[in-house]
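One line per chain: the protein sequences are A and Z, in this order.
Position one of the first sequence corresponds to residue 1 (our numbering), numbered consecutively onward.
Position one of the second sequence corresponds to residue 1 (our numbering), numbered consecutively onward.
Incorrect hints may appear among the rest.
[Claimed, not checked] Derived PhoX-like pairs (lysine-lysine); straight-line CA-CA distance at most 20 Å:
| # | chain 1 | residue 1 | chain 2 | residue 2 |
| --- | --- | --- | --- | --- |
| 1 | Z | K64 | Z | K102 |
| 2 | A | K158 | A | K112 |
| 3 | Z | K64 | A | K112 |
| 4 | Z | K73 | A | K2 |
| 5 | Z | K73 | A | K187 |
| 6 | Z | K158 | A | K2 |
| 7 | Z | K25 | Z | K73 |
Hints listed in this document are in silico derivations from the structure and should not be mistaken for laboratory results.
Number of protein chains: 2
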Amino acid sequence: MKKSLGATIHAMPSPVWVVGSYGNKGEPNMMTVAWVGICCSSPPCIAVSLQKSRLTYANILEHKAFTISIPSKQYAMEADYIGIVSGKNTDKFSVTGLTPVKSNIVDAPYVKEFPIVIECTLLNTVDIGLHTQFIGEIVDVKADEEVLGEKGVPAIDKVDPIICSASDRTYYALGEYLGQAYALGLKLSEEKIS
Amino acid sequence: MKKSLGATIHAMPSPVWVVGSYGNKGEPNMMTVAWVGICCSSPPCIAVSLQKSRLTYANILEHKAFTISIPSKQYAMEADYIGIVSGKNTDKFSVTGLTPVKSNIVDAPYVKEFPIVIECTLLNTVDIGLHTQFIGEIVDVKADEEVLGEKGVPAIDKVDPIICSASDRTYYALGEYLGQAYALGLKLSEEKIS
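Pulled out of the complex, with its shape left as it was, chain A reads as follows:
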């Protein structure tokens, strides 16, 4: 018997991503977000939901671009801080000691210390309610060599990203390997056939 919890947000897990953008004087800003996700394969796109009151909201509309930098778990404290304070009155790069790098392909900065960087141009905005979705078309991904696994693609256990729960507001690290996508489930077909 399941218990009803009402019209609330308990979807999990959520990613912990840091959005990079430039202000109206070219000052770099970053903001941690969790209301995000991949939303299209072709063109490759990700969606980031932001409230109108956020500096990042205005920045992206002005520059039509943003980046996503994915922090490893050792930056959990910094990532949380970047989601708490506003760039309107704080230079978050200065406080955290993280380094803004100007993207060579979009008009936005990324975080040097984070192992994966996704560079996006603004494709569309979708007003939903308190949040507006910014749909970014991925124009390049840059990764530290150290996190590349077989076939030259980033391996999640090397990236070691932060996992968030919007329900109990917690951060966790990655745990045990469970299997390969598009492969693990085939065992079920085999079991059924045999």
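The hints should help you fit chain Z onto chain A, whose structure is shown.
Coordinates of chain Z only, in the frame set by chain A:
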């Protein structure tokens, strides 16, 4: 020095959610999705991206509703299977042994064995490219008592959801606790002040 990987999808982590929908004869179907995310706080909404060719795409448009059931890690094999085969020619509930339950609030079925269920009405669709986003307004969440933690909300370590990497196509379990959101980062402010 970061290495450029091109306009590809290496965003991580992704959730592993199972979308429940009814077909045109009322037959329950389920499909595993990872191109998803929370997209608004008020009204509470989640976004699920689907290709037009999917049975779930037609089902949701017809019934204007869907559910999200969140599997625990012991169902990783079933979740992967549910993402590989199509409900057009397979009764995935029958093959997996999972149980469809008719929602009491939306016109869609959910998976009894999975600890969290999110019931949505279709608020909007957004065509992006190969994928269309289905924005669902959350009208209720139902959870097994066993996964509720302090304050009566689902605790992610009790839910023990599956974590997916679109980059290296792997599934992982949840690992070590890193800290509390909106709290861990305050240490950085304190360190800076002291």
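*If you draw a straight line from the CA of K64 (chain Z) to the CA of K102 (chain Z), is it 20 Å or shorter?*
holds (15 Å)
*Within a Cα-Cα threshold of 20 Å, do K25 (chain Z) and K73 (chain Z) meet the stated pairing?*
At roughly 32 Å apart (the allowed maximum being 20 Å), K73 (chain Z) and K25 (chain Z) break the hint.
*asked:* Check whether the Cα positions of K158 (chain A) and K112 (chain A) lie no farther apart than 20 Å.
replied: holds (17 Å)
_Can you confirm whether the C-alpha distance between K73 (chain Z) and K2 (chain A) stays at or below 20 Å?_
At roughly 19 Å apart (the allowed maximum being 20 Å), K2 (chain A) and K73 (chain Z) satisfy the hint.
*Is it true that the CA of K64 (chain Z) sits at most 20 Å from the CA of K112 (chain A)?*
violated (44 Å)
*asked:* Just to be careful, I want the Cα atoms of K73 (chain Z) and K187 (chain A) compared with a cutoff of 20 Å; is the pair within it?
replied: holds (16 Å)
*Can the restraint linking K158 (chain Z) and K2 (chain A) be considered satisfied, given a maximum Cα separation of 20 Å?*
Judged against 20 Å, a Cα distance of about 15 Å means the pair holds.
In summary, the numbered hints that this structure violates are 3 and 7.
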